[in-house]
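Use the sequences and the hints to build the structure in full.
Protein chains in written order, with this note's numbering: chain Z, 1 to 424; chain G, 425 to 697.
Worth double-checking, as some hints may not be accurate.
Computed Cβ-Cβ distance ranges for the label pairs, DEER-style [claimed, not checked]:
1. Z/Lys339 - G/Lys616: 45 to 55 Å
2. Z/Pro232 - G/Lys638: 32 to 42 Å
3. G/Asp684 - Z/Thr37: 40 to 50 Å
For the record, the hints were derived by calculation from the structure and aren't laboratory data.
These numbers were taken from a predicted model, which means no experiment stands behind them.
For each residue, glycine too, the CB sits at the ideal point set by N, CA and C.
If you want the building blocks of each chain, they are given just below.
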Amino acid sequence: MAWIAEIIFGLITIGSFFLFGKNLWAIRKNILLGKPTDFSGDTAERWKQVALLAFGQKKMFGNPLVAILHLFVYVGFIIINIELLEIIVDGLSGKHRAFAPLLGDCYSILINSFEILAGLVLFAVIIFFIRRNFLSIKRLISKDLNGWPRSDANIILIIEVVLMGLFLTMNAADPETNFILSAHIKPLFNGLNEHQLANIEHTAWWMHIIGIYAFMNYLPYSKHLHIILAFPNAYYASLEPKGKMLNMESVQNEVLYAMQPELAPAGAAAPDKFGAKDVMDLSWKNLMDAYSCTECGRCSAACPANLTGKLLSPRSIMMKTRDRLEEVGMQIQKNPNWKEDGKSLLHDYISVEELRACTTCNACVEECPVSISPLDIIIELRRSLIMEESNAPSEWNGMFSNIENNFAPWKFSPDDRDAWTNQA
Amino acid sequence: MIETPGQIKPNSNYMKVATMAEFLAAGKEPEVLFWVGCAGSFDQRAQKITKAFATILEKAGVAYAILGKEEACTGDPARRAGNEFMFQMMAYQNIQVMNAYNIKKIVTTCPHCFNVLKNEYPALGGNYDVIHHTTFLQELIEQGKIQFTDSNEWKGKTIAYHDSCYLGRANDIYEAPRKVLESLDMELREMKRCKSKGLCCGAGGAQMFKEEEKGDKRINSERADEAIETKASMVASACPFCNTMMTDGIKNRNEEIKMDVLDIAEIVAQAIK
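Structure follows, in structure tokens:
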């Protein structure tokens, strides 16, 4: 009956990967609800961004201490997952440490290095847990994270502690091995017989692999999705100077045809919508940004509006965009012909007051370790406010009419534009 | 008819600044168009920056012209507020004027104009070599076209340079303004947040033209505090809007503290031979 375990393992593995793939596919579909956008430009430059920002985590090194701890978790996590390969082979074949005979002496070097990494991950994750819950770090205690987001963050940290613990326990309970860290746990099992040890090892083995599958399937629901999306997000991040705003060709043409009607093609239709009112009006990169956000809050900590107590928080702009996108995605899943539910990202999720507080200073864009631009979304929503709703503070309306009539944002006569040349 | 464009008229205490129209009438082309911008044209404080920069151009022997009454707002505050129509109208108008004059090179004292002219007009058919005045000044100093008096009054003075967002993060220009200050032997003091981490003065994104949203502090007060913390004797700016914001911020924060906020051009103009 030994094959029963292998079959159960195989089914769990297939099921986990199937569910994970299905959820990723749903996320891809949601992201593609966004508008197409131009990503021409130097591919080599884009791969450089992936290397520096995603693999190299360049932006994290603004704070080297945190960057190194984060690097432990990141490298540890990726490398320890090589071990996953052996676990799957063992699980499907019913063997025990299938790679050991193949790799010879290298095997213990490999597992020893996995154990060291596991120790570093444990260390870093515990420090992160303390930072998040016991030290009053402004971006981590912010009200942006109240409720589910705060639990999400702690769940991730706890799962990582448990997974690393199980990995070490499994090795410690194996009487045939003597690895660098787990060897120190062995005394805990003193006095247990071979059978009991085997039971502990088996239990830890099963819990470890099921834990990994569970964690994998938790990702699509979690802020932790950044471990995947940080890579494409770095690739598709803008190569333009940060100051350059996306041009609205439709409006450019409207103006051109108004000034030079002879250029207007016959039957040129005016665009049906200006700016973004809801998630579908944003670009797919804006939507991928929302899924890539790990809610670290570096953007909001650097935002001049946020740090002087205004309602605007770039992090919360990203979180609300994802919330709305998931809501829309869910409704479309239920009803493919879904058009609207009377709600929109603008107003129902993101308020006018938040949008009005932005100075377009690009501090949020500069800070983001995973190449997100909250500013793009803010600008698109502002465009909808002004051009669709004529919703502007009265001072802005004054500024607009001054530009229109006097060619300057203030009420001065255009004739006085060069008056300074006549002053001493 | 202009004989010597860009020279101070003898027997006159005001500048003769030639316009593009005058250059064209004389059958000449200037080296560079000085884009003055709305703040530089109309705001009393910013006019001083404009005049200081014009004086430098004259002394350095740069043949420059302005558009004069033909210049109009680039559309930057309208675009950033969300009014793309107004931006496109202004851009169309400005590009028509500049292309008609066959403009090739533009220098401007305003980082907001700089950013729009350099990054956003090309897509609309306005292709120019656009340079910010701090970069231009640095180049003139390196070429020896600007020389400082031996009794340079700035020597050894402590100064905090405030990075403009539209110069710094928006266009990665951090070094040129600092190098200009260093060439004057000034002692640069960095604020807590500087260069790519620099804190906005609070004016960008059309905030200059409306009241701040409610919060617990004004952005320019926060930035003024950082400038005051450096204990520098003065603040250098490279943007007319930052200049206003920093001046107000420091004044409102501490009446006692006498910390002048001067544009890089004003600092250079006072030390130039």
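Comparing the hints with the structure gives:
1. Z/Lys339 - G/Lys616: 45 to 55 Å: Holds, since Z/Lys339 and G/Lys616 (Cβ atoms, about 50 Å apart) stay within the stated range.
2. Z/Pro232 - G/Lys638: 32 to 42 Å: Holds - the Cβ-Cβ distance for Z/Pro232 and G/Lys638, about 38 Å, lies within 32 to 42 Å.
3. G/Asp684 - Z/Thr37: 40 to 50 Å: 46 Å, holds
Going down the numbered hints, you'll see the structure goes against none, and every one checks out.
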